[in-house]
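Undergrad: Kindly produce the complete structure, drawing on both the sequences and the hints.
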Amino acid sequence: MAAIHKTNPSLQVTADHQIKMAEAPIEKPGYGEVLLHIKCTGICGSDIHFWKTGRIGPLIVESDCILGHEASGVVLKLGEGVKDFVIGDRVAVEPGMPCDNCWLCREGRYNLCEDVKFSGVWPHHGTLQRFKVHAAKWLHKRTPRTPLSRPPRHPSRRTHPRSRRGNLRCWPHWPNRSPLFPRLWRTPLVITDLEPQRLAFAKKLVPECETYQVSRDLSSEDNAKGIRKLFGESEYGCPETVLECTGVESSIINLKFINRYTDTWPAGIAAVKGKLMDLKPLVSHVFPLEKAVDAMHICADLSQGSIKVQIVDDVEIKPEDVE
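If you read the sequence shown in the numbering used here, its first letter stands for residue 1, the second for the next number, and so on.
No wet-lab data here; the hints were simulated from the structure.
Please read these numbers as outputs of a predicted model, since none were measured by experiment.
Zero decoy hints are in this set.
With a Cα cut of at most 25 Å, we get these calculated DMTMM-like pairs of lysine to aspartate or glutamate:
(1) Lys52 - Asp301
(2) Lys137 - Asp89
(3) Lys28 - Asp115
(4) Lys273 - Asp314
(5) Lys256 - Glu221
(6) Lys280 - Glu210
(7) Lys117 - Asp84
(8) Lys77 - Asp100
(9) Lys229 - Glu208
(10) Lys20 - Asp314
(11) Lys273 - Asp89
(12) Lys20 - Glu290
(13) Lys141 - Asp89
(14) Lys20 - Asp294
(15) Lys291 - Asp314
(16) Lys6 - Glu27
(17) Lys28 - Asp64
(18) Lys280 - Asp263
(19) Lys77 - Glu323
(20) Lys291 - Asp16
(21) Lys203 - Glu240
(22) Lys203 - Glu244
(23) Lys275 - Asp263
(24) Lys28 - Asp314
(25) Lys204 - Asp278
(26) Lys28 - Asp84
(27) Lys273 - Glu208
(28) Lys137 - Glu27
(29) Lys6 - Glu323
TA: Now the structure itself:
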């Protein structure tokens with residue numbers, strides 16, 4: 001007889017800026033919901049931010065909360081009314097569940113919904129747990145051959161096929177976009193960063209690119225001149241597109257506000273399925289769920305050189321193993 005799983009290990013952040021492994025209840029799926037076995041969650045900078053500072057703007061951790069939102073899993077149980085999934089389906093989890101009732105949701109701009117329930121943002125528990133209930137509407141089927149440890153990240157939509165030259169400022173979000181660049185641009189593509197090891201990784205990941213190590217000893221203008229030289233002397237060689245991926249305020253000239261995501265999961269899944277992106281090289285560290293605290297410490301320590309840290313749960317669980 002199969003063993004019944006009654007434990008649900010989870011990684012939780014506390015209101016006093018601590019992280020801990022703790023048991024969480026195994027919920028039953030309600031109408032329109034499914035019970036998932038979360039197989040893989042990538043650590044995001046927001047997870048680290050909630051841990052270290054206890055808040056992101058007005059979003060404050062007021063009590064224990066399970067972190068995590070970059071996830072893939074397997075459907076274990078179906079709630080009433082779920083017709084688009086079957087038990088055993090492999091899915092990517094879209095973490096934001098909007099209200100579906102406000103005018104923003106009705107217009108298709110659900111990422112702006114003020115009543116969204118976002119996984120891993122207090123008081124809504126996230127995906128760094130073995131079992132999670134999630135609305136079926138916000139799950140996206142994965143192909144059987146796509147590893148669940150390769151959650152699709154949304155490709156950049158601000159590029160254009162006619163853009164021939166680009167400059168990409170590296171950390172922390174450039175690895176999610178860089179595999180697409182050779183498909184979108186002709187050369188040159190210049191990637192810049194302060195850290196030489198990150199530039200070495202960039203060159204390995206995108207051999208077609210040129211790299212430039214920004215010097216702290218030079219002025220912004222002198223660094224810009226050094227970058228500009230890599231595109232050639234002609235005015236026609238100047239970069240047409242710059243993607244700023246660091247989030248450093250001093251690097252930002254124009255502000256284009258965006259809040260969460262809209263319809264990006266299908267595009268990401270299609271890009272992976274069509275082999276437009278090879279995400280495997282981006283995963284630098286993998287930890288089992290039981291070692292999630294160690295994973296968070298590695299991710300928070302820049303000296304460890306992490307790119308994407310993933311937390312996986314390789315325990316084999318059948319639907320009949322869960323009450």
